[in-house]
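**Student:** Using the sequences provided together with the hints, build the complete structure.
Which chain is which? The protein sequence lines are V and W, in order. Mapping the first sequence onto the numbering used here, position 174 (from 1) lands on 174, and the numbers just tick up by one. Take any residue in the second sequence, note its place counting from 1, add 1000, and you have its number in the numbering used here.
Any given hint could turn out to be false.
[To be verified] Taking CB as the label site, the calculated pair distances span:
no., chain 1, residue 1, chain 2, residue 2, range
1, W, L1481, V, A21, 57 to 65 angstroms
2, V, Q91, W, E1442, 28 to 36 angstroms
3, V, A152, W, P1380, 26 to 34 angstroms
4, V, R148, W, P1377, 25 to 33 angstroms
5, W, P1377, V, D155, 18 to 26 angstroms
6, W, E1442, V, A152, 29 to 37 angstroms
The hints are simulated quantities; they were obtained by calculation from the structure and are not laboratory data. For every residue, glycine included, the Cβ atom is placed at its ideal position computed from N, Cα and C.
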Amino acid sequence: MSRRILLVEDDRVLRSALREALSIEGYALGTAASLADARAQLQHAPPGEAIDLVLLDLGLPDGDGQALLAELRRVSNTPVIVISAREAEGQKIRLLDEGADDYLVKPFGIGELLARMRVALRRRGRTSEPALLHYRHGPLAVDLKNRRVRRADADVHLTPTEYALLARLVRQAGQVVTHRQLLADVWGAEHTEQTHYLRLYMGQLRAKLEADSADPQHLLTEPGVGYRLAEPDAID
Amino acid sequence: MDTKSLTRTILALLAWTIGWAAMVGLEGRLDLANLAMLLVLTSALSALWLPGWTSMVVSAVAVLAFNWFFVPPKFAFTVDLHQNALLLVALLLVNWIIAGLVIRQRRLAEAARTVAAREARLRQWGDTLRDASDPAAHASALSTALQEATGSVVAVSVLRALGRQPDNAAALQVGEPDNEQRVGLALCVRDGRAMGAGSGRYDELPDAYLPLRGRGVTLGAALITGLARHPQGHELRPHLQALCDQMGSALHRSLMAAQEQQARDQAQLQATRNALLAAISHDYRTPLATIMGAASALQEQGERMDGAQRQRLAAGIVEESERLARLTDNTLQLARLDAPTVQLRCDWESAEEIVGAVLRRARRRPEGARVHAWVEPDLPLLWCDAMLVSQLLDNLLDNGLKYSPADALVELHATRDAEHLVLAVSDRGPGIAPAWREKVFEVFQRGDAGPSEFPADAGRGAGVGLAVCRAIARAHQGELLLRPRAEGGCRFECRLPLSGEGPPPQSAPAAPEPLP
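**Tutor:** In structure tokens form, the structure reads like this:
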């Protein structure tokens, strides 16, 4: 059964371009051109045909998509990917902290959108899917169950803090995790401004896990926003 | 009694003492008429020093005393001979005439002094205003000058721009007028005519309001309190008005000059903006032409093409769209950095992370494999806006890839040089001619001056790129420099100060507890 996607976007041309691209990938795409339209579709989806993922534009004719995100987060954890022309980093971070799964700045390539959608659907879309316990990307493997990290089939020793940081990224592999989320989850809510902790521990992790820490393949930086662990090769 | 009039009184007393002594001493040897001459002389001398009316009284007393002491019968006010009576009357009259003349002379001198002082004040005021760059700042000087001239409390209200009212916040107020006086000042500015005491308008007011008149406009008003009660109020008025008008025309001149300057700036800004818009449009047209051509070919001839042809056209569309996106980012960023209130979102950032993110973006492009990056180990954290610094490096890499041969490396190095972090992008392109080394950083200067300087197809692209890079470096109190390389090609060096916001925090605690 194909995944149901709701695209909330007021630009007709972009809407139809995405419809073509997504339907080729086998997604069932519903579209809404306004907040009201989107609300109606989310509320009145027939039973068994609930929306699996929302692609949300921010500047809509009857309001800001941010409002819809807030409403949606109160009642469900349906994945939301924000697509917007706005480049303000502050807003990007706020949306991620408020529960958006990812953020794409227009213009974007379809490949990038599909990758982000895949990650978002895998993580939260279906409750029946098990949480990611084994992460593998190239030579890097993380086994959350046994707390083991291996690189090119050799064990890597991490300090507890390094491991906690890596494990937090694995939980959301493929998605950007903001500085604030990482700091709150690893160090505690009172440390959310101490981004330099992250710089230092991420540097240590890169030194241990990357072949060339200036050209990382796994631990990716989203400047000004947060970090992203590269999308896993496959789910074990 | 001040020292000056004291000295004068003493001098007069001295004259009288000497005069009387002479008269008493010479009484036996000279006849009465000669003694009377001595009296006239003494009286004339004392009139020079004594105040007018005192001098008249003193000479009258002196004539009586002369009668008592010298005119027979002595020690009585009666007079024997008619001619002696005539002599006394003549004495009295002559003394009074002298005193009267002296009084008049003194008044004339006084008036001349006043006029001279006013002229000096006007002249000095004119000099002050002529040298003033902002006459509005001289409102307090005007207030002082008016206060000196009248001795009354003064308030001055000056407009800061043409066409505004003094109750507007933009007006400059000197002195402390009450509400009613404030309204009076505003009214005076609005009408551009004097009002209040002695002006013919609202004559019943105790205070006078004088406009500061420029050519055809009124740019403020002065309030002189209690001018109605001032003894010389009437004569002072033209002088005060002259002071005010000088201020008014100086204000007018400076406001006109400011307006002209503003108009010139505006025109210049407009010209720059037009050039910018023209250049942007030109830069957008090139990728748009590629996209348009490829997309319309796919639309109209797609069915007759094989898969590889279609793929090539589509790749062209994607590549040119990315170019357009970069161009848009740069243009937006340039506009943002140009704003006076630009706010950087600074944080402690790691050069390694910024380089890593930039490298990853570059790698997505087909020619990205040519980029080689190296980051010095153990670099300190940098206080910067990571988005901006990575945009700077994106642009430099884009530039390096574009202007160097397709098989040459483009190097991105992050190193430390004393108190600076140096982010350098080097390429093996043709280099940049010395004449262009500064110009490349100007908005929309591209090295399209001649084929000898750039490859023929290299004129396309990031017209704003290097200008944005330099703006970003400077927003971080850093600098972006271009250094030619001895072996060919060029090296763009971005130097950012490491001591941006105090010592960077270097320690971080371990997490309180590992995740389950």
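**Student:** Each hint needs a verdict: does it hold in this structure or not?
**Tutor:** We went through each hint and held it up to the structure:
1. With their beta carbons about 44 angstroms apart, L1481 (chain W) and A21 (chain V) fall outside the hinted range of 57 to 65 angstroms.
2. For Q91 (chain V) paired with E1442 (chain W), a C-beta distance near 32 angstroms keeps the hint of 28 to 36 angstroms intact.
3. Checked against the hint of 26 to 34 angstroms, the pair A152 (chain V) and P1380 (chain W) passes, with Cβ atoms roughly 31 angstroms apart.
4. Checked against the hint of 25 to 33 angstroms, the C-beta distance between R148 (chain V) and P1377 (chain W) comes to roughly 28 angstroms, which is consistent with it.
5. One distance hint, 18 to 26 angstroms for the beta-carbon pair P1377 (chain W) and D155 (chain V), holds here, with the actual separation near 24 angstroms.
6. A beta carbon spacing of about 50 angstroms between E1442 (chain W) and A152 (chain V) contradicts the range 29 to 37 angstroms that was offered as a hint.
Against the hints set out earlier in the document, violations occur for numbers 1 and 6.
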